[in-house]
Amino acid sequence: MIEIQENSLKHLWKMRPSEISGYARQYYSTTLDGDEITIDFNFPRQMARIMLTIAAEHGRQYIAVIKSGTILKETDVSARCPMDLTSRISRFRQFFLFIPDDTVLSVIGGNYGIPARPLPVRYRRKIIYFPSAPKLELGKKLRILLQRRRKRELEERSFFEKAVHRLKSEAFDFSLGGVLALSYFQHLISIAEFAGLIGFLGIASGAVDWLWRHRSPFLPRILVMLGASAWAVHHQVQYRMWSLFL
Numbered sequence: 290m291i292e293i294q295e296n297s298l299k300h301l302w303k304m305r306p307s308e309i310s311g312y313a314r315q316y317y318s319t320t321l322d323g324d325e326i327t328i329d330f331n332f333p334r335q336m337a338r339i340m341l342t343i344a345a346e347h348g349r350q351y352i353a354v355i356k357s358g359t360i361l362k363e364t365d366v367s368a369r370c371p372m373d374l375t376s377r378i379s380r381f382r383q384f385f386l387f388i389p390d391d392t393v394l395s396v397i398g399g400n401y402g403i404p405a406r407p408l409p410v411r412y413r414r415k416i417i418y419f420p421s422a423p424k425l426e427l428g429k430k431l432r433i434l435l436q437r438r439r440k441r442e443l444e445e446r447s448f449f450e451k452a453v454h455r456l457k458s459e460a461f462d463f464s465l466g467g468v469l470a471l472s473y474f475q476h477l478i479s480i481a482e483f484a485g486l487i488g489f490l491g492i493a494s495g496a497v498d499w500l501w502r503h504r505s506p507f508l509p510r511i512l513v514m515l516g517a518s519a520w521a522v523h524h525q526v527q528y529r530m531w532s533l534f535l
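Heads up: take any position in the sequence shown, counting from 1, add 289, and you land on my numbering.
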């Protein structure tokens with residue numbers, strides 16, 4: 290358990306326009322353990338939509354919709370089924386005290402143990418920061434930090450900047466394939482080695498796109514590299530067939 294002072298928590302919540310139809314604004318924050326909390330809010334309709342993403346559960350998402358203190362819907366998004374979310378959301382109940390909009394608390398209406406109104410400051414000087422959140426392994430924490438950094442970078446870039454960044458990474462991947470091709474034509478590696486290396490590079494580059502760069506793999510690059518590998522395998526088979534007659 291970690292005790293955190295109030296002045297280090299009061300700026301954790303940020304606000305932006307909601308992208309969910311029917312809601313006007315969104316409050317969002319990320320915990321030290323990588324859990325993400327977003328609250329989409331509609332003041333005239335007195336509705337709040339809480340979405341919780343648990344890092345320790347490999348990004349599993351849960352959504353609760355509340356109107357004027359009444360829970361309308363609770364869903365496990367990953368399993369696509371209704372679920373009582375009390376055990377999931379209640380662990381963050383003290384964290385909700387620092388939402389910079391008291392109306393949100395009144396709409397939630399005391400559900401999940403979240404106070405319906407802000408407590409006096411003297412009761413909030415020290416809070417337990419996510420006491421039931423499981424500890425993450427170092428590798429998982431590093432992956433979460435990289436995902437958050439990547440997401441933040443993409444949000445801050447324009448379309449042109451994103452295109453230039455993508456072009457740089459694609460040029461790097463193609464240059465590796467070019468080095469292998471040049472090595473083969475300069476007789477530095479055999480045709481069998483070229484086939485294996487270029488094929489592995491095509492699959493590995495797609496995996497890097499998916500796992501490290503957090504984007505969809507560039508299929509034309511992968512197909513070109515696998516095609517080159519297939520071409521090399523075909524020629525190697527032809528050479529061996531012709532060698533039978535020599």
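Don't take each hint at face value.
Okay, the calculated beta carbon distance ranges per label pair [stated by the list, open to error]:
id, residue 1, residue 2, range
1, T320, D390, 15 to 21 Å
2, R504, F332, 33 to 39 Å
3, V366, A481, 44 to 50 Å
Rather than coming from a laboratory, the hints here were simulated on the basis of the structure. Cβ atoms here follow ideal geometry from the backbone N, Cα and C, with glycine treated the same way.
Hint-by-hint comparison with the structure:
1. In this structure, T320 and D390 meet the distance hint of 15 to 21 Å, their C-beta atoms being roughly 19 Å apart.
2. Between R504 and F332 the C-beta distance comes to about 36 Å, which sits within the given range of 33 to 39 Å.
3. Between V366 and A481 the beta carbons are some 47 Å apart, a value that agrees with the proposed interval 44 to 50 Å.
Checked against the numbered hints listed earlier, the structure breaks none of them; every hint is satisfied.
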